[in-house]
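Protein chains: 2
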Amino acid sequence: MEKMKRAERMVAITQVLMLKPNILTPLTLFAERFGTAKSTISEDLMAVKGSLLLSGQGHLETIPGAAGGVRYIPEIAKEEATQFLSKLAECLSNKERILAGGFLYMNDILFDPSVLRPLGLIFAGAFRDKKPDVVVTIETKGIPLALVTAEALGLPMVVIRSGNKVTEGSSVSINYVSGSSRRIQTMSLSRRALDPQRRVLVIDDFMKAGGTALGIKNLMSEFEANVVGIGVLVEAKITEDPKLVEGYLSLLQLRELDLHSGKMLVVPMDSL
Amino acid sequence: MEKMKRAERMVAITQVLMLKPNILTPLTLFAERFGTAKSTISEDLMAVKGSLLLSGQGHLETIPGAAGGVRYIPEIAKEEATQFLSKLAECLSNKERILAGGFLYMNDILFDPSVLRPLGLIFAGAFRDKKPDVVVTIETKGIPLALVTAEALGLPMVVIRSGNKVTEGSSVSINYVSGSSRRIQTMSLSRRALDPQRRVLVIDDFMKAGGTALGIKNLMSEFEANVVGIGVLVEAKITEDPKLVEGYLSLLQLRELDLHSGKMLVVPMDSL
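Chain order of the listed sequences is A and B.
Anchor point for the first sequence: position 254 equals 254 in the working numbering, and the numbering is continuous, going up by one each time.
Add 272 to a position in the second sequence, counting from 1, and you land on the number used in the working numbering.
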């Protein structure tokens with residue numbers, strides 16, 4: 001390869017690091033790839049670091065020493081997050097989203113990568129300090145949200161199955177009462193899906209009474225896991241009943257949903 | 273903001289475009305943000321474009337004219353894709369992955385963002401020419417794979433539910449025979465989840481006889497959709513029976529899985 005100029009190397013470095021967020025790349029890899037001295041790469045990195053700092057949308061972290069290197073930590077600027085959640089709340093406050101049974105239609109949001117990506121960054125920013133090892137969710141609608149959060153944190157995801165349909169060897173099942181159906185349900189997780197004593201971040205799309213979140217906490221204790229955080233996209237604040245779990249983070253709150261009057265209100269939380 | 277130097281702007285432009293893959297950004301946005309002339313931004317973009325071209329891991333596409341702009345098209349280099357699939361096949365060819373009933377344990381792979389991301393780029397590269405409007409999958413295990421493919425293509429995702437548990441208004445259900453259970457099952461999709469006459473790319477994690485894929489095709493015809501491609505991560509080539517669908521792309525092939533002898537072989541396909 002023809003020798004690259006500094007600006008070209010800086011772009012190439014940015015691309016390599018952004019393609020593998022949270023993963024440490026040794027400086028020697030760049031030095032070899034670009035055919036330059038490690039000290040030159042260090043200078044390139046300083047310049048990239050400075051440029052990214054200005055954006056507030058992710059920064060470089062350098063780890064010194066022989067086992068060190070550099071990694072890209074994806075972020076979302078606070079102002080951008082606030083604006084994004086306001087717009088999302090407005091989009092959800094549409095009476096066409098009211099479904100029979102008093103449910104809120106969110107599938108278009110929950111399955112759209114361009115909406116999910118900022119949500120993953122927001123959850124990651126809120127929970128990075130808790131140092132989770134794994135992001136846990138329950139099928140089905142929470143999966144994409146948990147995945148983007150896991151990626152923003154550089155972690156794997158574990159999906160709890162509803163019911164008993166686990167086909168992955170021995171599993172642990174527990175019963176729980178879901179707030180939306182008020183029925184006793186079962187959730188299961190394969191033994192091999194989660195090592196013991198992990199630090200677990202629970203992510204889900206919706207919380208009504210908190211029965212599912214409580215169920216997940218109980219299931220996690222069967223794996224000796226430590227639930228270090230619970231994040232939900234929307235919590236329902238329609239009744240005054242306290243939730244069955246405490247200390248969760250919700251990004252949006254469903255304040256009103258009335259099938260008859262067509263009244264519908266979702267507001268952003270001041271939680272960030 | 274202090275005026276940025278060219279190299280700094282190039283890094284900032286790379287970051288902004290990579291954060292929103294496939295989305296067109298007008299040049300005026302950069303000109304305003306950096307306080308420079310549009311002609312300067314054009315020069316910056318030419319330099320960024322050249323630098324990214326060298327990597328083979330994504331390129332810039334510029335659309336001229338008033339409604340034009342620039343976007344980042346994420347890609348994976350062919351050599352990297354081939355190496356990645358070889359390693360993945362090796363990782364899956366582990367007899368510890370054999371589950372009772374002759375199933376292959378893949379959950380750790382299917383729920384790990386660092387494995388999913390390259391897979392999404394591989395599927396996106398294979399199907400971009402077919403110009404799909406939406407990526408469709410069926411719950412549960414195919415969801416993360418479909419999501420990363422959708423993001424790499426800049427498309428939304430639609431998730432078909434197993435059974436009849438759709439709570440999203442009126443829905444369409446069909447019966448199908450899944451190859452793995454040989455039982456009649458049901459899949460459903462909410463009417464509002466998919467507009468008529470879309471160009472659909474179907475993505476799933478595993479194909480045995482192809483019964484699920486055939487079911488999805490039949491369900492899609494109820495939405496007047498045009499299935500422009502079917503991609504699966506692993507197809508089973510254990511029996512000689514032809515599949516129930518044709519023209520699908522599989523990345524890996526399960527050649528052998530024997531519970532008694534512990535023989536297990538997954539190989540990459542030469543499909544790329």
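Do not rely on the hints blindly, as some may be mistaken.
[As the list claims (entries may be wrong)] Distance condition first, Cα-Cα at most 27 Å in a straight line; then the derived BS3-like pairs of lysine-lysine:
# : chain 1 : residue 1 : chain 2 : residue 2
1 : A       : K165      : B       : K367
2 : B       : K292      : A       : K87
3 : A       : K49       : B       : K292
[Claimed, not checked] Where chain B lies over chain A, by a calculated footprint (3+ residues, C-beta under 8 Å):
# : region
4 : 39-53
5 : 93-107
6 : 190-197
7 : 220-231
8 : 251-257
[What the hints assert, rightly or not] So, partial list: chain A residues that the calculated Cβ filter (under 10 Å) puts toward chain B:
#  : residue
9  : P74
10 : A152
11 : L155
12 : S162
13 : P242
14 : L244
15 : G247
FYI, nobody ran anything at the bench for these hints, they're computed from the structure.
Cβ coordinates follow ideal geometry from the N, Cα and C atoms, glycine included.
Hints, one by one, checked against the model:
A threshold of 27 Å between alpha carbons decides the hint, and for A/K165 with B/K367 the separation of about 22 Å falls inside it, so the pair holds. Between B/K292 and A/K87, the direct Cα distance comes to roughly 18 Å. Compliance with the 27 Å bound is thereby established for this hinted pair. Annotation: proposed proximity of A/K49 to B/K292 holds, straight-line Cα distance about 20 Å (limit 27 Å). Check result for the region 39-53 of chain A against chain B: holds, 5 residues qualifying (beta carbon to beta carbon below 8 Å, three or more required).
With 6 residues having a beta carbon nearer than 8 Å to a beta carbon of chain B, the region 93-107 of chain A meets the requirement of three or more and the stated coverage holds. Remark: the region 190-197 of chain A is confirmed as covered by chain B, as 3 of its residues place a Cβ nearer than 8 Å to a Cβ of that chain, reaching the required three. Restraint check on the region 220-231 of chain A versus chain B: 0 residues with Cβ-Cβ distances below 8 Å, three needed, restraint violated. Three residues within the 8 Å Cβ limit are the bar, and the region 251-257 of chain A against chain B gives 0, so the coverage statement is violated.
Interface hint at A/P74: satisfied, since its Cβ lies 8 Å from the closest Cβ of chain B, which is below the 10 Å cut-off. A distance limit of 10 Å between C-beta atoms decides the matter here; for A/A152 the minimum to chain B is near 9 Å, and the interface restraint holds. Hint status for A/L155: holds, given a least beta-carbon distance of 8 Å to chain B, under 10 Å. Proximity of A/S162 to chain B holds as hinted, the smallest CB-CB distance being about 9 Å (cut-off 10 Å).
A cut of 10 Å between beta carbons decides the hint on A/P242: the least distance to chain B is about 25 Å, and the hint is violated. Interface restraint check for A/L244: the shortest CB-CB distance to chain B comes to about 21 Å, outside 10 Å, so the restraint is violated. This hint is violated: A/G247 has a C-beta 25 Å from the nearest C-beta of chain B, more than the 10 Å allowed.
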